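Trainee: With these hints in hand, go ahead and build the complete structure from the sequences.
Residue numbers (our numbering), protein chains in the order written: chain A, 1 to 106; chain B, 1 to 271.
Don't read these hints as lab results, they were simulated from the structure. Be aware that one or more of the hints could be misleading.
[Unchecked claim] Among chain A residues calculated to face chain B with C-beta under 10 Å, some are:
| no. | residue |
| --- | --- |
| 1 | D20 |
| 2 | E67 |
| 3 | G72 |
| 4 | P85 |
[Said to hold, decoys possible] Here are the computed distance ranges between Cβ atoms for each label pair:
| no. | chain 1 | residue 1 | chain 2 | residue 2 | range |
| --- | --- | --- | --- | --- | --- |
| 5 | A | T98 | B | G158 | 23 to 29 Å |
| 6 | B | I227 | A | T98 | 21 to 27 Å |
| 7 | B | L166 | A | K97 | 29 to 35 Å |
| 8 | A | P85 | B | K173 | 49 to 55 Å |
Quantities reported herein were computed from a predicted structural model and do not represent experimental measurements. Virtual Cβ for every residue (Gly too), placed ideally from N, Cα, C.
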Amino acid sequence: MKTHLLIALTLLANTALAADTELTLVLRDHRFEPAELQVPAGKKIKLRIENKDATPEEFESHELNREKIVAGNSVISVYVGPLEPGRYPFYGEFNPKTAQGVLVAQ
Amino acid sequence: MFGSAIIVFRETLEAALIIGIIAAATHQVPGRNRWLIGGLVTGLAGAGLVAATTGIIAEVASGTGQELLNAAILGIAVLMLAWHNIWMTSHGRELATQARDTSREISDGAQESSVLLVIIALAVLREGSETALFLYGLAAADGQGVQSTFGGGLLGLGAGALVGWLLYAGLLKMPMRWFFDTTSALVLLLAAGMGATAAKFLIQADVLPSLMSPVWDSSAFLPQESILGTLLHGLTGYDARPAGMQLVFYGVVFLSILAGMKLAQGTHATK
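Mentor: Set out below in structure tokens:
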């Protein structure tokens, strides 16, 4: 039952995934690299976030209306968009002084 | 220190508001304190477990495990809040005004108590796991004053709990004729807001389409991260940039529970 549900959800997720743009952000020493990332406007984007630090972080953006925990030394993905052209700041909630970045949709 | 106080405060606040409202709404239920504390303890244990397994949870279902878990927690909480509100509509008034002695009512009361436990536990679980991860991260990072971090964390926790307690005390001070309507309205809004947040997680996991995103942007007028925005988000599900699907969920939850309450009221009146 559980596996069925998981398969169904995975399929659902995959059907929409085919044409997505995938981009990667790396967290190192509580900073995002790159701190500014160009993304295509009007398309759904799969954002991979690789945390190279040993400590957890929370990817958060009020502008994108997204929040997700990234455990230490692990990778997550977050779907964003389709976005209107513009700047969408994001930050790491657990280290907001250093972990700052912005998606630029154009 | 203040950085950690603010983060812990924001995480604590949402759970504290839920606990404050539910504790007030059930203050007549026999043995309520026991169930409340049971919920807190269960929630804290669950939060520790979720925090410790975050890496594993994140990898489930092609990386969307976190969102699915959050949506599931919120979905169960919405069902429990719905049950609570509908039960209160048909039994709350008599619970407050007369002694209850029939066995049916006692078993109903026991059900209500377990619902209370689950709601509290889920609220603490959701907000507590993030707080635990945050504090763990700070404690693990070297060069940080661990004592000041935990001091800040305690300060934030205390401040959040205080707001929840003020809400609780304020509600109990209310005259009886407004009390039920106010608490049911608050629970209704809580449930609708949680439904909308569940939709947000399912959009983030790409399980649901966003429909239109955002439908409006009131962040310049009332930012969600401001104190008032955070409070309104915790109480009513206020979102400065909601997606269309979130509004659909909000409306469906709101109207379904309202319909259930009307129905319960009708059957009770004709009894």
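Trainee: Of the hints given before, which are not true for this structure?
Mentor: 4
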